[in-house]
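S.K.: Given next are the chains, with one letter for each unit.
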Amino acid sequence: MSTLHDAKTPITPEELAGAEHIEDLKISKDGANVVYVVRPAHKLGEHVASALWSAETFREESAQQVTSGTYRDYSPSLHPTSSRVFFLSDREDAGGLSQLFSLSLEKSESSVVRITDLDKEHGVVSYSVSPNGYFVAFIVEVKKPKKDGKDPIVVWREQEQDAYTTLQLIDLRTPLGLRYGAFIILTSSDTIIFL
Amino acid sequence: MKALVNISAHVDSFSWNPDSSAIVYRLLDHRDLESQDFPVKEQIVSISGKVDELGNFTYARMPASHTIWRKLGGFVFLQGVEPSAFCSSTCLWSRPSSAGASTTHLAYGATNDVSSIVDLGLHSQFAVQVAEGFLTKFDVYDEENRVFTAFDAPLDYSVEGEWDMTLTSQGTYVFVAVRSSGVSGQPENIWSGVTELNQLGKISKKLSSHNSWYELKTPLIYKPFNWTGVDGVELEGVITYPEHADPRSLPVFVYPHGGPSS
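Protein chains in written order, with the working numbering: chain A, 1 to 195; chain B, 1 to 262.
Okay, chain A solo, but in the shape it has when bound (with noise of 0.2 Å):
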């Protein structure tokens, strides 16, 4: 008898190590959408790498891929007052550190923007957008640069004096788009608008 468990087959360790893994789930502040992060269970390449997907909270089946998953985008959130997902990635140095980009739900990759301008010595760790959405917060991190393709030698807690983590804050009210090639305006109605 040939039944529908006899076509399947067994699972294989390269299907599990390809899973996908959902993780950091952020709601939007409305309850309409949510934003997540899809990543193979384990990694696959030389870099991790995820991309970003967002769905509608009310509508079945609205899941959709947001960034194209070739570098490591993580850790988005949606802004309070706009559509605009802000996230951590990877895209401009590969297994590097880490800078703070935002876009816009609708137009996808076309839309990134960066919003940190550090070097590659520089990464930033966390974030949060202010509950207003006037203000971006964020921990960035010290990383020496590599000699020889190699990473320095670190003795375990010395030569920390220049290296501490800091707490740094950008506006987004000023007129980043001079920097970074995003317009932000603020209306009178105290909205901010990203265009």
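Some hints could be false.
Unchecked claim - Here's a subset of chain B near chain A, in silico, CB distances under 10 Å, partners left out:
id	residue
1	Lys-2
2	Ser-8
3	Ser-15
4	Asp-32
5	Gln-36
6	Val-40
7	Tyr-59
8	Phe-134
9	Glu-160
10	Ser-208
11	Trp-213
12	Lys-217
13	Ile-221
14	Tyr-255
To be verified - No farther apart than 25 Å at their CA atoms in a straight line, the calculated lysine to aspartate or glutamate pairs in the DMTMM-like style are these:
id	chain 1	residue 1	chain 2	residue 2
15	A	Lys-144	B	Asp-32
16	B	Lys-202	B	Glu-160
17	B	Lys-71	A	Asp-171
18	A	Lys-8	B	Asp-156
To be verified - Simulated DEER-style distance windows between Cβ atoms:
id	chain 1	residue 1	chain 2	residue 2	range
19	B	Gly-73	A	Glu-14	48 to 56 Å
20	B	Ser-102	A	Gln-64	21 to 29 Å
21	A	Lys-43	B	Phe-134	29 to 37 Å
22	B	Pro-154	A	Gln-64	37 to 45 Å
The hints are simulated quantities; they were obtained by calculation from the structure and are not laboratory data.
Just so we're clear, the structure is a prediction, and the values are computed from it rather than from any experiment.
Note that CB positions come from ideal geometry on N, CA and C, so glycine has one too.
Add chain B to chain A, keeping to what the hints say.
M.R.: Same frame as chain A, now just chain B:
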């Protein structure tokens, strides 16, 4: 870009106050795992960069969550029932915003523990994910710490781990979670649910179809079971084995985990 905190210590984590005028942040002397088990300082800085000396506080060890700064004042966070112990059930604590005030154990930790906490963004409300045996629930606290259960996962699927919730301006609680089921062979996907004050909600909408390849695979059998330990403690477990196999003839790997605090 403006440096708010740039001193001879590592900023480890931070949270905004509800009116976006200040940030509460934690400091570590060293940025390593060992530092998590030593006292952790927490301070407050305004967005103008002025440190509020009255906001200084020291935790016995790194709390198990970030700090939520409530609109009506005070903070809530997760830490062990015994805050100075190396291993202790994670539960819900609060502390006033006034200097020198002591912390208060609000709930949980005896037969359950709290996995995570989220700020609902309105009216000083927050929600916690509580694990007790097989079961997981989302409890919501209002500004006076009155609590109701917004969601209680049934035994036939799991919502452990990733989730989020918001309180909308219309007064509805919208939540999302990663739901999976070994019992019914469902891989993890995003689901959503809605509820209202003092109402038990359901996860009703399946938003994604990740890992659809799993449907073409021979499923694994998952069965929950209970037993009584030699010390009389009631324990719960899940046994997993390939379909059509007799588990009594297979080698056994034991993976101890679960709550409280492990």
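S.K.: Check the structure against each numbered hint from earlier and tell me which ones fail, lowest number first.
M.R.: 5, 6, 7, 8, 9, 13, 14, 20 and 22
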